[in-house]
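Novice: In order, the protein sequence lines correspond to chains A and B.
Residues 1 to 31 (my numbering) make up the first sequence, in order.
Residues 1 to 198 (my numbering) make up the second sequence, in order.
Calculated from the structure, these hints are not laboratory results.
Some hints could be false.
Said to hold, decoys possible - So the derived label-pair ranges between C-beta atoms look like this:
#1 B:D133 - A:G6: 29 to 37 Å
#2 B:T103 - A:C9: 15 to 23 Å
#3 B:R62 - A:E26: 24 to 32 Å
#4 B:E68 - A:A4: 33 to 41 Å
#5 B:G167 - A:P12: 23 to 31 Å
#6 B:T65 - A:R22: 25 to 33 Å
#7 A:N15 - B:H42: 29 to 37 Å
#8 A:V3 - B:D39: 12 to 20 Å
#9 A:G6 - B:D39: 16 to 24 Å
#10 A:V3 - B:A159: 28 to 36 Å
#11 B:G106 - A:S23: 17 to 25 Å
Said to hold, decoys possible - Per the computed footprint, the stretches of chain B lying under chain A, defined by three or more beta-carbons under 8 Å from a beta-carbon of chain A, are:
#12 20 to 27
#13 63 to 72
#14 118 to 126
The structure displayed is predicted, hence computed values, not measured ones.
We put the CB at the ideal spot given by N, CA and C, even for glycine.
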Amino acid sequence: MIVAEGAVCVFPDFNDSDMFLRSLYELTNAA
Amino acid sequence: MHLVMFDIDGTLTETMNIDEECFVRSFKDVFGFADIDTDWSHYPRTTDYGIFHDVFTSRIGRSPTAQEVSQFRQHFIQLLAAASSQSPIAPIAGADRLLSGLTQSGSHRVSLATGGWRDSARLKMASAGMCFDDHPAASADDALDRESIMRLSKQRAAARYRESFAGSVYVGDGIWDARACRSVGIPFIGIGRGSRAT
């Protein structure tokens, strides 16, 4: 549902912090 | 420098169920209200204060007084405290580590923007092993709607860190978070599984 409402990406939790941080950096660098 | 704003319930702490149970029970205990609609996405302002205000107004026909808000909030937090003392609240997996890492990073700052009331957020984070007061924050004590809470969190982060931000990202778990981000114009990263995610 949150994807349909516009989430750029979705994670089940923060266990894969590398993947989360990579997405975060891509997102903030693109902004 | 970029700002990462975090929601708390369902994002940093596993509290959606306990929060809902205590919230609904508080309506019954304090005002005798039953049959509360617990699909929070139906409410125009999905915050503790916003939902309380809308339910109270629809049942009583007027806005709650400051004393009634305080009475409800106090009871709700007492129920949460009792529940969390019996069974400590779990963090969302990896949340505490991620927060610590981001706080020490040279590229991002952290703030909290929660639709919960401040004392309940403080209690839930403490029970889950995190510290609410480590971060600049805005909560339902500050505004009825999430958009205002997000803007205020960003303002407080700018004041605390003494800098302006090149950009902001919000991390949350609810469709109300996604809608508020769209309204404020900031990117939204979702936390969720299964049908809540997609």
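Novice: Each of the hints needs a verdict: does it hold here or not?
Specialist: Status of each hint after checking the structure:
1. Distance hint check for D133 of chain B and G6 of chain A: the Cβ-Cβ separation is about 31 Å, which falls inside the suggested range of 29 to 37 Å.
2. Between T103 of chain B and C9 of chain A the beta carbon distance is about 22 Å. The supplied range of 15 to 23 Å therefore holds.
3. Restraint check, R62 of chain B to E26 of chain A: a C-beta distance of roughly 49 Å breaks the suggested window 24 to 32 Å.
4. Range check, E68 of chain B to A4 of chain A: Cβ separation about 37 Å, and the 33 to 41 Å hint holds.
5. Evaluation of the 23 to 31 Å hint for G167 of chain B and P12 of chain A yields a pass: the beta carbon distance comes to about 25 Å.
6. Hint check: T65 of chain B to R22 of chain A, Cβ distance near 49 Å, so the stated range 25 to 33 Å is violated.
7. Restraint check, N15 of chain A to H42 of chain B: a C-beta distance of roughly 32 Å satisfies the suggested window 29 to 37 Å.
8. Separation of V3 of chain A from D39 of chain B is about 19 Å and conforms to the stated range, judged on CB atoms against 12 to 20 Å.
9. For the pair G6 of chain A and D39 of chain B, the supplied restraint of 16 to 24 Å holds, since their beta-carbon distance comes to about 19 Å.
10. Look at V3 of chain A against A159 of chain B: about 34 Å separates their beta carbons, and that is inside 28 to 36 Å.
11. In this structure the hint that G106 of chain B and S23 of chain A lie 17 to 25 Å apart at CB holds, the actual value being about 18 Å.
12. With 0 residues carrying a beta carbon less than 8 Å from a beta carbon of chain A, the stretch 20 to 27 of chain B misses the three-residue requirement, and the given coverage is violated.
13. For the stretch 63 to 72 of chain B, the stated coverage by chain A is not satisfied: 0 residues place a CB nearer than 8 Å to a CB of that chain, which falls below the threshold of 3.
14. With 0 residues bearing a CB less than 8 Å from a CB of chain A, the stretch 118 to 126 of chain B misses the requirement of three and the coverage assertion fails.
When held up to the earlier numbered hints, the structure conflicts with 3, 6, 12, 13, 14 and fits the remainder.
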